[in-house]
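Residue numbers (our numbering), protein chains in the order written: chain A, 5 to 208; chain B, 3 to 229; chain C, 32 to 276.
Honestly, the hints are just simulated from the structure, not real lab data. Possibly wrong hints are sitting among the right ones.
Stated by the list, open to error - With a straight-line Cα cutoff of 30 angstroms, these simulated DSS-like cross-link-like pairs (lysine-lysine) come out: (1) A:133 <-> A:113; (2) B:57 <-> C:209; (3) A:154 <-> B:5; (4) B:57 <-> A:113; (5) A:113 <-> A:154; (6) C:209 <-> C:147; (7) B:57 <-> C:51.
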Amino acid sequence: MLEVSNLACSRGDHQLFCGLNFSLNPGQIMQVQGANGSGKTSLLRTLCGFLMPDEGDIIWRGESTRELDEDYYAELLYLGHLNAIKDELSALENLRISAGLSGIELEEKEAIAALRRMGLRGREQLPTKVLSQGQRRRVALARLLVTDAKLWILDEPLTALDVGAVELIQDLIAEHLARQGMVIFTTHQPLSVAGIEMRTLSLS
Amino acid sequence: MKKSTMLGLLVLVIRRDLILAMRRRADVLTTLVFFVMVVSLFPLGVGPELSMLRKMAPGVLWVAALLASMLSLGRLFLADYLDGTLEQMMLAPQSLSMLVLGKMTAHWMVSGLPLVLMAPVLGLQFDMAGQALGVLIIGLLLGTPILSMIGAIGAALTLGLRGGGVLLSLLVLPLCIPVLIFGAGAVEAISSGLSIVSHLSLLGAMLVLALVFTPWVTAHALRISME
Amino acid sequence: MAINWFKYSAPTTFYGLAGKLIPWFAIFAAILFAIGLYIGFFVAPVDAQQGEFYRIIFIHVPASILSMFLYMIMAGYAALGLIFNTRLSAMMASAIAPTGALFALISLWTGALWGKPMWGAWWMWDARMTSELILLFLYLGFIALHASIDDPRRADRAAALLAIVGSVNVPIIYFSVKWWNTLHQGATIKFGGTSMHVAMQQSLFIMMLACWLYAIAVVLARVRSIILERERNTTWINDLQEVRS
Numbered sequence: 005m006l007e008v009s010n011l012a013c014s015r016g017d018h019q020l021f022c023g024l025n026f027s028l029n030p031g032q033i034m035q036v037q038g039a040n041g042s043g044k045t046s047l048l049r050t051l052c053g054f055l056m057p058d059e060g061d062i063i064w065r066g067e068s069t070r071e072l073d074e075d076y077y078a079e080l081l082y083l084g085h086l087n088a089i090k091d092e093l094s095a096l097e098n099l100r101i102s103a104g105l106s107g108i109e110l111e112e113k114e115a116i117a118a119l120r121r122m123g124l125r126g127r128e129q130l131p132t133k134v135l136s137q138g139q140r141r142r143v144a145l146a147r148l149l150v151t152d153a154k155l156w157i158l159d160e161p162l163t164a165l166d167v168g169a170v171e172l173i174q175d176l177i178a179e180h181l182a183r184q185g186m187v188i189f190t191t192h193q194p195l196s197v198a199g200i201e202m203r204t205l206s207l208s
Numbered sequence: 003m004k005k006s007t008m009l010g011l012l013v014l015v016i017r018r019d020l021i022l023a024m025r026r027r028a029d030v031l032t033t034l035v036f037f038v039m040v041v042s043l044f045p046l047g048v049g050p051e052l053s054m055l056r057k058m059a060p061g062v063l064w065v066a067a068l069l070a071s072m073l074s075l076g077r078l079f080l081a082d083y084l085d086g087t088l089e090q091m092m093l094a095p096q097s098l099s100m101l102v103l104g105k106m107t108a109h110w111m112v113s114g115l116p117l118v119l120m121a122p123v124l125g126l127q128f129d130m131a132g133q134a135l136g137v138l139i140i141g142l143l144l145g146t147p148i149l150s151m152i153g154a155i156g157a158a159l160t161l162g163l164r165g166g167g168v169l170l171s172l173l174v175l176p177l178c179i180p181v182l183i184f185g186a187g188a189v190e191a192i193s194s195g196l197s198i199v200s201h202l203s204l205l206g207a208m209l210v211l212a213l214v215f216t217p218w219v220t221a222h223a224l225r226i227s228m229e
Numbered sequence: 032m033a034i035n036w037f038k039y040s041a042p043t044t045f046y047g048l049a050g051k052l053i054p055w056f057a058i059f060a061a062i063l064f065a066i067g068l069y070i071g072f073f074v075a076p077v078d079a080q081q082g083e084f085y086r087i088i089f090i091h092v093p094a095s096i097l098s099m100f101l102y103m104i105m106a107g108y109a110a111l112g113l114i115f116n117t118r119l120s121a122m123m124a125s126a127i128a129p130t131g132a133l134f135a136l137i138s139l140w141t142g143a144l145w146g147k148p149m150w151g152a153w154w155m156w157d158a159r160m161t162s163e164l165i166l167l168f169l170y171l172g173f174i175a176l177h178a179s180i181d182d183p184r185r186a187d188r189a190a191a192l193l194a195i196v197g198s199v200n201v202p203i204i205y206f207s208v209k210w211w212n213t214l215h216q217g218a219t220i221k222f223g224g225t226s227m228h229v230a231m232q233q234s235l236f237i238m239m240l241a242c243w244l245y246a247i248a249v250v251l252a253r254v255r256s257i258i259l260e261r262e263r264n265t266t267w268i269n270d271l272q273e274v275r276s
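One chain only, chain A, in its complex shape (with noise of 0.2 angstroms):
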């Protein structure tokens, strides 16, 4: 489904990476592993399209995600070091903006029952500013709950999570692979899924 060649990036001078090969393929899991600065972030933001690499190519269903674009965006689900979380809205608001940005109109039940799976129960109305670092971390994660996304790429989605919240990532990685889904995904914290595979990749 998704097949990297020959991929290199650089930042401003720096090459972070170059000749990279890799393909995922329904219901497989890939971690980016690496030292801090080796390019994990910049990887996934390239396959995201955020970054232009130098070279190489990013093939989604045999098409270049470049032609693709908004095919390949709609399929895409991403969650970068930033939450994308208004301190000025409630987690509801946020949740259903958020959803709603990427093509799904999120009924208000559908939005609070996510979020009480999150473990927000009774925090659902409340502005975001008020919520401690972990609990927006979950607002964000809430959208793994509500979208119908294919490949999902994570850059270091356990931060802040305590031990409770890993687990239940955990769970929502396992499901999604189990419908024929896609992970990409660094962290620092150990993460695992039961009876699966884990593709690792190696960034220097």
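Knowing the structure of chain A, use the given hints to seat chains B and C on it.
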């Protein structure tokens, strides 16, 4: 789960930005107060003779509107850039231009429209005639959206740069000169008994051109700035 | 991979080529400047209406024309760089900008010097001078935007987009300023007209050519230093004789 349409997305972005503006009312008010203050400073600077003020009024009001709209442009994409929403917007399955158009519209409703509504009151301070006031409002209604749209290009290009605000004005102000000329020119034309049709239709033409091209150019500028 | 070859080797070959061409352009520019100025100041007759003052047009007119042409050329290179992602085009665009701004400034300066004896004022809001002023603003915007972005690739692309938007706007601005000027019945500069003396035409033509050659020489020199700066980490730069010594 329902899929949203292009129009639905446009409405969503406009609504979102309006809600955010309502919850940060101070920002909206500062723009308006700035506009009122700049206009009120002119009589203090050049003297209170009504005949001169009447002649200067359209130019003063237009320049002040231009400066006031520069003031709020820096914030157009900045908050979304800093909290990551802009990344999500670029990944929207609809064209980014549409989202940009939504943001431009909301920006105009929040920072351009209040100026238009305030302008007649300030015009009275300058002893403008009723007819001239009418033309001023029509001109501002046609012109201020263009300022928001051209400004958005500058805002996208200077996203996240040091001293972005001043740089933004440097980039955008020269591009806004035609709007200023025709907007203020229309009022002068009616005051001296000339036809205003050509001025206003040129402003209208520029508005249409801006509507067609600026969202696309701004979307491109945003992609450049996000790299 | 023909495009890649072009993309990566173009600055390499261009660097050497430009180095060989610069002296020629510079020498011919100097010679033509000398000839043009001599004809302009000593051969061309005194104008019946404007006396000796008109002679400033031998500098003013080429500078104005070049400043406008250079903006369009700059925007053209910028567009090339943006569309085909060629690095050399973007470098050319940013190398042209200071020269264009300089010509715009010279045009404004000489225009003011001419205006004082003609109208008794240093600055008249005539359509040409006002457009020239706005053009200078556009150049300054381009230079400022390019300078304030640290990442060279983003700087190139952002400034290129600005140049393209500016070039689309230039005709609109020029037209609106002209309209504004006729509405207010301001002054209009008129050049010699049809009955221009042959020596005046010759001088004007030679000066124009000299300015072009000067502009090309300076732009090439600037491109060379931009290439050196951008490619400082590549091996071919470090193998250059002037770098090693």
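Hint check:
1. Straight-line distance between C-alpha atoms of residue 133 of chain A and residue 113 of chain A comes to about 23 angstroms, which keeps the hinted pair within the 30 angstroms bound.
2. Proximity of residue 57 of chain B to residue 209 of chain C is assessed by CA-CA distance (about 21 angstroms); at most 30 angstroms being required, the pair is judged to hold.
3. Taken as a hint, the residue 154 of chain A and residue 5 of chain B pair is honoured in the structure, with Cα atoms around 15 angstroms apart against an allowance of 30 angstroms.
4. Only pairs whose Cα atoms come within 30 angstroms are accepted, and residue 57 of chain B paired with residue 113 of chain A is rejected, the gap being roughly 60 angstroms.
5. With a CA separation close to 23 angstroms, the supplied pair residue 113 of chain A and residue 154 of chain A stays within the 30 angstroms bound.
6. Distance check on the hinted pair: residue 209 of chain C and residue 147 of chain C sit about 22 angstroms apart at the alpha-carbon level, within 30 angstroms; holds.
7. A distance of roughly 60 angstroms separates the Cα atoms of residue 57 of chain B and residue 51 of chain C; the hinted pair therefore is violated under the 30 angstroms criterion.
Violated hints, listed in ascending order, are 4 and 7; each of the other numbered hints is respected by the structure.
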